[in-house]
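Participant: Protein sequences appear in the order of chains A and B. Positions 1 to 77 (full-length UniProt numbering) are the ones given, in order, by the first sequence. Positions 1 to 214 (full-length UniProt numbering) are the ones given, in order, by the second sequence.
To be clear, the hints were calculated from the coordinates, so they are not data collected in a lab. Please note: incorrect hints may appear among the correct ones.
Claimed, not checked - Mimicking BS3-like on lysine-lysine, the simulated pairs with C-alpha atoms at most 25 Å apart in a straight line are:
(1) A:K29 to B:K15
(2) A:K59 to B:K143
(3) B:K32 to A:K72
(4) A:K72 to B:K15
(5) A:K59 to B:K170
(6) B:K179 to B:K2
As the list claims (entries may be wrong) - According to the in silico footprint, chain B covers these stretches of chain A (three or more CB under 8 Å from chain B):
(7) 17-27
(8) 30-41
(9) 59-72
Since this is a predicted model, take the numbers as computed values, not measurements. Quick reminder that beta carbons are idealized off the backbone N, C-alpha and C, glycines included.
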Amino acid sequence: MAEYKNTKKILSDDEVRKLVMARLSVLSKDTMISLGSEGSFTRDELIKSVENGDNIGEKLAEIQLEWLRSFKERVAV
Amino acid sequence: MKMIVTRPQYDITTKYLSVWAGEVINFAQKKKIEVIDLFKDKANKNDFTGRVKKLKPDIIFLNGHGNDDCVTGHDEEKLVEAGDNYDILRDAITYALSCNSGKILGPKVAENNEATYIGYKDKFIFVADSNYSTRPQDDPRAKPFMEASNQVMISLLKGNRAGEASEKSKNKFKEHFMKLSSSQADPDSLQAAQCLWWNMRNQVCLGNLDAELK
């Protein structure tokens with residue numbers, strides 16, 4: 001996973017991973033997320049993926065970062 | 001006016017997509033549009049290609065898995081592919097509710113100036129509640145995703161131009177995103193908000209943005 005940069009901060013791979021895992025850990029047990037042909041995953045499966053740094057974990061990190069960027073855009077609006 | 005819908009159903013994701021596509025079918029039928037519903041194993045390449053060539057539908061609604069260059073039907077059979085039969089979509093407005101096909105397949109279809117392709121250039125992601133997997137239509141966590149997606153088709157069927165239909169869908173994603181990301185939101189809502197934002201950012205409308213159903 002590449003380092004994610006904006007103008008003021010740099011988030012390392014490990015920091016992003018920890019952030020995503022923290023967010024996933026507070027989800028309800030019955031929540032599942034469908035990631036297309038990758039399948040549908042429970043909270044615990046998603047946490048494991050992020051820990052392992054597999055494709056699913058990387059995609060979740062990407063989604064998290066896209067969401068964080070959205071704040072900047074909304075402020076601009 | 002004719003509409004072809006593909007609704008494979010063989011895993012949780014395709015079950016949700018196919019059930020929620022039922023709302024679009026009902027809406028179209030109320031508007032007296034002829035609906036050809038390729039459900040479950042009818043969503044195969046032979047049936048799909050044959051029906052499109054013979055009936056020349058005005059609008060095509062693809063539900064299923066996909067990747068950069070194709071959209072699949074039942075049991076992941078490729079229905080339409082960039083290097084193969086993509087040109088069968090050239091005379092219709094197509095909405096593909098599938099992952100990634102807006103990356104290569106969509107632009108390939110849109111090379112024809114008359115064709116319109118609405119899809120997603122990355123994964124279409126949704127949140128659901130496992131307690132509702134046998135009745136996806138009642139799943140409150142999936143509802144914002146499916147409503148926002150269906151808005152493309154509902155808008156087209158109401159006569160909006162393709163570009164407007166995509167904008168209305170994006171606005172619906174945004175509306176749900178704003179509701180779910182409020183400061184009082186619970187962790188599940190915040191996760192859903194992230195995924196709604198993701199889908200909104202990845203929806204693309206390619207080709208003839210002024211295409212409309214007449």
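Participant: All hints, please: hold or fail.
Facilitator: Going through the hints against the structure:
Between K29 of chain A and K15 of chain B the alpha-carbon distance is near 21 Å, which keeps this suggested pair within the 25 Å criterion. Using a Cα cut-off of 25 Å, the hinted pair K59 of chain A and K143 of chain B holds, with the two alpha carbons roughly 22 Å apart. Restraint check for K32 of chain B and K72 of chain A: not satisfied, since their Cα atoms lie roughly 45 Å apart, outside the 25 Å limit. Distance restraint check for K72 of chain A and K15 of chain B: the Cα-Cα separation of roughly 36 Å exceeds the 25 Å cut-off, and the hinted pair is therefore not satisfied.
Restraint check for K59 of chain A and K170 of chain B: the C-alpha separation of about 21 Å stays at or below 25 Å, so the hint holds. A distance of roughly 36 Å separates the Cα atoms of K179 of chain B and K2 of chain B; the hinted pair therefore is violated under the 25 Å criterion. Note: the segment 17-27 of chain A has 4 residues with beta-carbon separation from chain B under 8 Å; the three-residue rule is met and the coverage holds. Only when three residues or more bring their CB closer than 8 Å to a CB of chain B does the claim for the segment 30-41 of chain A stand; here the count is 11, and the claim holds.
Counting residues of the segment 59-72 of chain A whose C-beta sits closer than 8 Å to any C-beta of chain B gives 6, which meets the bar of three, so the coverage hint holds.
Of the numbered hints stated above, those contradicted by the structure are hints 3, 4, 6, listed in ascending order.
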